Amino acid sequence: MSRRGWATLVLHLGNLLPAAPVALVGASLVGALWGEQGGDGVLWKPGGAYLLETLRLLAPTGGALAWMAPWYLLLWVVTGVVPQGLALGLLGARADEAPWGRGWRAVPALVVVLGASLLGRVVALALCLLAARALGASLSRFSDPVRFWGLAPLVLIALGLLGVIQALQDLAAAAAVRREERGPGALLTALEVLHRRPWAALGPWAWRAALAWGLLGGAALVGELGGGALLRQGALLAACWLRVGWWCRALGLIDGAPDPRERPPTSER
Amino acid sequence: MNLSPLLARGLAAGLALALLLGSSRALAADPPAASASAPIQRRSPPFLAPLPSGAAPLPPALSSPPPPVHRTRLVVRLDPVAHTLQAQGQVTWTNRSQRPVHDTFWHLYLNAFQHPRTAFLRSRLGEGRGDQLPSTWGRIKLTRLAVRSPDEAPSRAVDLLPSLAPHSPDDPDDQTDLRAPLPAPCQPQQSLVFDLAFEASLPSLVERTGFLENFHMVGQWFPKLARLRDDGTWSHFPFLRLSEFDADFGDYDITIEAPPAYVVGATGVRAEERTENGVRATRFLQEGVHDFAWTAWDQFLERTETLDGVPVRALYPRGHEPAVRRQLDGLRVAIPCMRRRLGPYPYASLTLVQPPAGAGEAGGMEYPTLITTGGPWYGPPWLRTAEAVAVHEYGHQYFYGLLASDEHRHPFLDEGLNTLVEGLCLREGHGDGSLLAAPGLSLDFLEAGRWMGLGAGHDHAIAHGAASFPTAGHYGRLAYFRTATLLATLRGAFGEAPFDEALQRYAQAFRFRHPEPADLVAALGQVDPALAVALDDGLSRRGWIDFAVTAFQPGWTVIARRGSLRLPVTVRLRFVDGTTRDERWDGTSEWVRFDINEPAELQAVEVDPEQRILLDEDRSNNARSRERTRVGRATLERGLFWGGLLGRLLAP
Ligand SMILES: [Zn+2]
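First to last, the sequence lines map onto chains V and Y. Numbering of the first sequence is given in this note's numbering, commencing with residue 1 and proceeding in unit increments. Numbering of the second sequence is given in this note's numbering, commencing with residue 1 and proceeding in unit increments.
Simulated from the structure, these hints should not be mistaken for lab results. Mixed in with the good hints there might be a few duds.
Said to hold, decoys possible - Derived DMTMM-like pairs: lysine to aspartate or glutamate, alpha-carbon spacing no greater than 25 Å straight-line:
| hint | chain 1 | residue 1 | chain 2 | residue 2 |
| --- | --- | --- | --- | --- |
| 1 | V | Lys45 | Y | Asp618 |
| 2 | V | Lys45 | Y | Asp582 |
| 3 | Y | Lys141 | Y | Asp230 |
| 4 | V | Lys45 | Y | Asp546 |
| 5 | Y | Lys141 | Y | Asp159 |
| 6 | V | Lys45 | Y | Glu610 |
| 7 | Y | Lys141 | Y | Asp103 |
| 8 | V | Lys45 | Y | Glu583 |
| 9 | V | Lys45 | Y | Glu627 |
| 10 | V | Lys45 | Y | Glu428 |
| 11 | V | Lys45 | Y | Asp432 |
| 12 | Y | Lys141 | Y | Asp248 |
| 13 | V | Lys45 | Y | Asp79 |
| 14 | V | Lys45 | Y | Asp248 |
| 15 | Y | Lys141 | Y | Glu213 |
Quick caveat, the model's predicted, so the values are computed rather than measured.
Using the sequences plus the hints, can you model the full thing?
Structure follows, in structure tokens:
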């Protein structure tokens with residue numbers, strides 16, 4: 001298998017691993033409820049009698065575990081840098097180099113990059129919310145649909161901002177792995193790449209992201225109508241493949257950027 | 001009223017889990033295979049108590065309203081800037097009871113909003129509606145209340161104002177229930193004329209009534225005579241948070257004066273409209289109803305349609321066409337559905353009011369021939385909440401409107417029966433997806449309501465007065481959803497067709513009357529005496545039920561009926577040779593044991609395989625099998641997918 005194939009697999013497994021215990025607990029609980037009534041096939045019977053009964057009977061269990069959810073999600077997010085680093089390491093290692101070391105070494109920098117990205121997302125969303133409040137107030141004399149559609153551009157702006165931040169984060173991650181830069185340096189490199197070649201950076205990211213989410217959304221919907229498992233798991237794998245494709249591109253962009261040692265002193269830390 | 005927010009909130013919490021627990025798509029229920037000829041011996045402990053039998057005969061059906069108890073004629077002027085009303089007129093009232101009457105009781109509901117210490121505003125009942133204080137207080141003040149006989153001139157009327165006194169027991173702060181002694185006893189069938197005039201200030205919208213900017217929803221706005229029962233006692237009570245109303249049928253003749261820019265909608269038929277001196281007066285007439293509500297707003301758009309012969313006038317804010325179209329779609333199904341189930345809608349108009357955004361407290365409410373809906377201008381097409389609110393409020397034209405039960409003492413009689421019929425009519429319109437129909441997922445309204453209904457069944461009986469529920473949540477779960485779940489259970493257990501026929505007989509017999517819980521038990525009990533016993537137990541004594549397979553061996557199995565309700569149920573026995581046999585168990589004993597004397601041994605047993613017993617507290621113990629799945633594989637796969645999706649969203 002090519003390095004790109006391995007990277008896709010690493011990313012995919014890294015993605016499923018934290019979901020697995022949750023899914024297994026859920027599946028076991030459902031098995032305990034309906035294991036003697038033909039298994040969980042009953043859940044999607046028309047009218048939802050079994051599905052609603054499952055939710056009702058498991059609500060106390062869910063409620064008791066709910067306190068863990070934010071912590072588990074945080075852990076999920078932070079540990080996500082490991083498969084990211086390993087996959088980028090596979091893609092960014094030189095031919096004569098062992099494939100894992102570079103990725104491992106980049107993990108601390110990737111955590112910094114992730115932190116900056118999360119902060120950026122929070123700020124971007126907060127700004128959009130403030131703008132929505134102001135705009136909503138100024139549209140208050142219009143009818144409800146006008147207000148709704150008047151706010152729609154802000155949703156697009158918010159999505160665009162989140163996209164740019166995601167692309168920047170990936171570029172910085174690529175810099176951290178390829179050039180073994182530390183977090184702030186990697187972020188600066190990413191900004192520089194985005195500044196110099198914005199369309200070359202955002203274009204390949206955007207179409208792949210749009211395609212990936214289109215596939216995932218389509219699988220979620222169409223999977224309910226038939227052929228579910230194959231479609232859904234295939235879409236997850238394809239989304240990882242697309243992401244890895246973009247990372248290859250990001251590594252190339254980093255290679256094309258000026259070396260940090262050649263940067264003018266003002267941009268040094 | 002409508003409590004769908006409660007249902008929606010419960011549902012939203014559930015749906016999040018649903019996505020995680022997903023599974024493969026719909027499997028049709030296995031049809032029973034040709035029945036095995038295995039001789040099955042049945043054993044159960046002796047039956048403990050004999051069931052009562054025989055039911056009271058129902059009164060003859062009335063095809064038109066009985067002679068009115070009152071004729072109410074009022075002229076009311078709205079000042080839409082000050083949000084005040086000025087009105088005067090007469091109430092001609094007849095003592096239709098069998099006893100002389102010495103005093104009268106008047107409800108001045110708007111006084112519930114005059115300060116924070118009223119019985120209404122000081123009750124804090126948690127989840128539900130109307131828990132906030134108004135930003136502008138409301139009140140009503142009688143400036144004239146005088147009584148005379150119909151042949152006397154108004155000048156000879158006896159002033160009742162000096163003797164008018166609050167009558168909310170031990171509650172000096174509440175002025176919503178007032179007593180006015182009569183100068184002389186009023187004999188049965190004798191009529192009196194009350195001349196009255198009053199001024200009222202509308203509150204900012206609290207619950208059901210008030211204003212938001214120029215929008216006015218005017219309910220419970222006039223001094224309203226309490227209902228005189230047949231035995232000469234008055235049904236009167238202070239206005240409380242959870243309590244609705246109880247009133248006598250009468251004829252209303254109301255003229256509403258408002259600036260010409262205002263669109264006015266009201267109970268009854270528009271009979272006359274004229275504009276003089278910059279004021280437009282619209283006269284509304286309606287016979288055979290027990291309340292009158294109206295709305296006025298200078299922004300209303302209007303749409304009229306005739307649905308199943310009923311002229312419907314929809315009033316709604318700009319941009320709310322999509323919601324109103326769906327509400328009318330709901331009525332398109334509900335009007336014929338309820339005609340078939342409960343008898344024809346007898347009035348010549350129906351007005352549907354969709355309040356503007358921010359005026360949600362005016363929405364989801366029923367008045368005779370006028371309903372208010374609500375919700376956002378647009379909702380996801382797969383969720384039926386817009387249809388459901390219209391169907392619910394229209395259903396109240398029967399359970400509340402025509403079957404005018406006492407909403408204060410027996411809220412389940414209107415809300416519970418209405419919730420059942422709402423669910424059945426939504427099912428008629430949308431099949432299995434009567435609450436939600438997304439690709440591969442459908443949820444039934446009554447199944448979702450069952451979740452709410454099972455929530456408080458052990459805490460409190462259903463059959464309580466509105467004032468005796470400890471929280472709004474108990475009221476909603478019990479009066480609405482547990483009642484509907486109990487009735488749907490009885491319908492499933494004793495047969496849908498006979499139940500529907502009995503419900504129709506009840507609806508016909510008590511049309512234009514004031515049915516009591518015993519009337520419902522008697523009417524539905526005609527299906528089966530055991531139904532009457534179960535209904536009474538379920539309503540009054542927290543009756544509950546949980547069928548469970550408690551033992552399972554290749555040659556025998558035991559089914560237990562936990563709880564107090566005794567309901568018949570189907571037990572499906574599946575044999576190793578693939579054959580299936582349905583056994584009917586009357587559920588009167590505490591348990592039943594099936595012994596199989598056949599070479600073919602049991603493969604599986606399932607009690608209530610068609611989920612007819614909605615009240616069954618735990619359906620997961622309803623089956624046992626030789627095969628057992630430990631992990632739901634489809635759930636696992638879907639959990640991985642949605643987890644992976646979340647990971648793609650969250651992880652770097
Ligand atoms: Zn209601």
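Verification of the supplied hints:
no.	hint	in the structure
1	V:Lys45 / Y:Asp618	holds, 17 Å
2	V:Lys45 / Y:Asp582	holds, 21 Å
3	Y:Lys141 / Y:Asp230	violated, 30 Å
4	V:Lys45 / Y:Asp546	holds, 22 Å
5	Y:Lys141 / Y:Asp159	holds, 15 Å
6	V:Lys45 / Y:Glu610	holds, 11 Å
7	Y:Lys141 / Y:Asp103	holds, 20 Å
8	V:Lys45 / Y:Glu583	holds, 23 Å
9	V:Lys45 / Y:Glu627	holds, 20 Å
10	V:Lys45 / Y:Glu428	holds, 18 Å
11	V:Lys45 / Y:Asp432	holds, 9 Å
12	Y:Lys141 / Y:Asp248	holds, 23 Å
13	V:Lys45 / Y:Asp79	violated, 56 Å
14	V:Lys45 / Y:Asp248	violated, 47 Å
15	Y:Lys141 / Y:Glu213	holds, 23 Å
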